[in-house]
Amino acid sequence: MGSTTFLFHFPAADLTYTSCCRLFQEQRLSTEDEASLKIMHPTSVEGVDDMISLGDMTEAGLLRNLLLRHQRGLIYTYIGSVLVAVNPYREFPIYSAEQLYHGQKLGELPPHIFAIAESCYFNMKRNLRNQCCIISGESGAGKTESTKLILQYLTAISGQRSTQEIENQILESNPILEAFGNSKTIRNDNSSRFGKYLEIFFNKNGVIEGARIEQYLLEKSRVCHQFTQKLFSFFWLHVITIIYNCRDDAKDFERIRSAMKTLTFTENQFQDILKLLAAMLHLGNITFEGEISSFFFEKNANKERVTKPLSSQQAAACRDAVVKAIFNKLFKWIVEKVNSVIYKRLANNPKSSYLSIGLLDIFGFENFEVNSFEQLCINYANEKLQQFFVGHVFKLEQEEGGLLRHQRYTNDPTFLHIWCDAFSSCYVLYVFSFT
1 MGSTTFLFHF PAADLTYTSC CRLFQEQRLS TEDEASLKIM HPTSVEGVDD
51 MISLGDMTEA GLLRNLLLRH QRGLIYTYIG SVLVAVNPYR EFPIYSAEQL
101 YHGQKLGELP PHIFAIAESC YFNMKRNLRN QCCIISGESG AGKTESTKLI
151 LQYLTAISGQ RSTQEIENQI LESNPILEAF GNSKTIRNDN SSRFGKYLEI
201 FFNKNGVIEG ARIEQYLLEK SRVCHQFTQK LFSFFWLHVI TIIYNCRDDA
251 KDFERIRSAM KTLTFTENQF QDILKLLAAM LHLGNITFEG EISSFFFEKN
301 ANKERVTKPL SSQQAAACRD AVVKAIFNKL FKWIVEKVNS VIYKRLANNP
351 KSSYLSIGLL DIFGFENFEV NSFEQLCINY ANEKLQQFFV GHVFKLEQEE
401 GGLLRHQRYT NDPTFLHIWC DAFSSCYVLY VFSFT
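Residue numbers (the UniProt record's numbering): 1 to 435.
To be clear, the hints were calculated from the coordinates, so they are not data collected in a lab. Since this is a predicted model, take the numbers as computed values, not measurements. Just to be clear, a hint being listed does not mean it is correct.
Said to hold, decoys possible - Okay, derived cross-link-like pairs now, DSS-like style, lysine-lysine, Cα gap no bigger than 25 Å in a straight line:
(1) K184 / K105
(2) K332 / K184
(3) K125 / K261
(4) K344 / K204
(5) K105 / K125
(6) K125 / K204
(7) K261 / K337
(8) K251 / K148
(9) K344 / K148
(10) K384 / K395
Produce the complete structure using the sequences and hints provided.
Here's what the structure looks like:
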């Protein structure tokens, strides 16, 4: 068994919108509203590092504290052992001193993503128990960047006592998976279109020995149906680099090539990937005309050839299914190739025991103008994650006496029970992964 750390994200734009109540517009209060007014607690005026110490423990008080800190350039805030991060949508120079938080307990220094990483690392070594950091938030809140920052910290403190080869390989896996599994959406220029669980393995001295990546729910339909959004990043980088020679994309393209060399992708393998991507693009350009296509779907059954005529819509659906299947297989192969490198040392020593820190980076809640089956899967997974958080934090606190029995918290799993009564959650995720 291990312990779990939670990190929640808020987009700054949403925070400002929900927190600011039209401050510059005159509003007349009713008599009842005036009677309900009270003097704001000093902590709500000044802001606090840990919102447990807030005097005004209300939704408005919490949001105001986050807003005040964001306006001061402080994007991290604690709620006890949970870290809340507000995405500032700009770079802050606060990630260069990894060693500052090394050896420090949670709360001894200002709130920071590195403090959460250090807490996981410290608890793993002290208690000899596996750790897991769950990063939650809606789409565009910055979850993927936080995952990379935690990984950056862990590799930095581990790299002091190792050759750093495995650390570099783990870090270089990020741009590869982002190129093939991320895309630009309405709310995020680098949105993860798959769920990723990265498990980092350490020896008894706290040195990284390897890692393993598991991927879930790849949004393969994006290859065929993007609506107003883009294809996966690598399609876009490759096309623009060759045709338009865009400087930024060319730089990213070369970085991906360099990362693939670090992960031992050969030149032939790289060229084969490009050929597959080109084939998918060409397949996507095939059009079918007429009520009945001249192309037929053929299948051998009992040594007899069965031919079925397809309408143009049916033929297009078959074309899209082939493209999605090819891309899905390609992405899985890339993940397996990466794992064969970063997990190699552990695979060669199966009897050795290791401790681990797991990082979960999964899509945030989504609601587009046109939603699809992927949004159902994504939002279902987020609901399960939220239910786990409520159970882990509030129920355990209540059982241990930290919360009074009469205190209420929101937890309505009715919809999830509808699914789970019919299928086990594992089977549902299995169906989602392979549909």
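Now for the hints, and whether the structure bears them out:
For a cut-off of 25 Å, the pair hint linking K184 to K105 is broken: about 37 Å separates their Cα positions. Between K332 and K184, the direct Cα distance comes to roughly 21 Å. Compliance with the 25 Å bound is thereby established for this hinted pair. Only pairs whose Cα atoms come within 25 Å are accepted, and K125 paired with K261 is rejected, the gap being roughly 33 Å. Of the pairs offered as hints, the one joining K344 and K204 holds, with about 18 Å between alpha carbons and a cut-off of 25 Å not exceeded.
Only pairs whose Cα atoms come within 25 Å are accepted, and K105 paired with K125 is accepted, the gap being roughly 13 Å. Restraint check for K125 and K204: satisfied, since their Cα atoms lie roughly 7 Å apart, inside the 25 Å limit. With a C-alpha separation of about 12 Å, the suggested pair K261 and K337 falls inside the 25 Å cut-off, and the hint holds. At roughly 20 Å between alpha-carbon atoms, K251 and K148 fall within 25 Å of each other, so this suggested pair holds.
At roughly 22 Å between alpha-carbon atoms, K344 and K148 fall within 25 Å of each other, so this suggested pair holds. Note on K384 and K395: the hinted pairing holds, with a Cα-Cα distance of about 15 Å set against a maximum of 25 Å.
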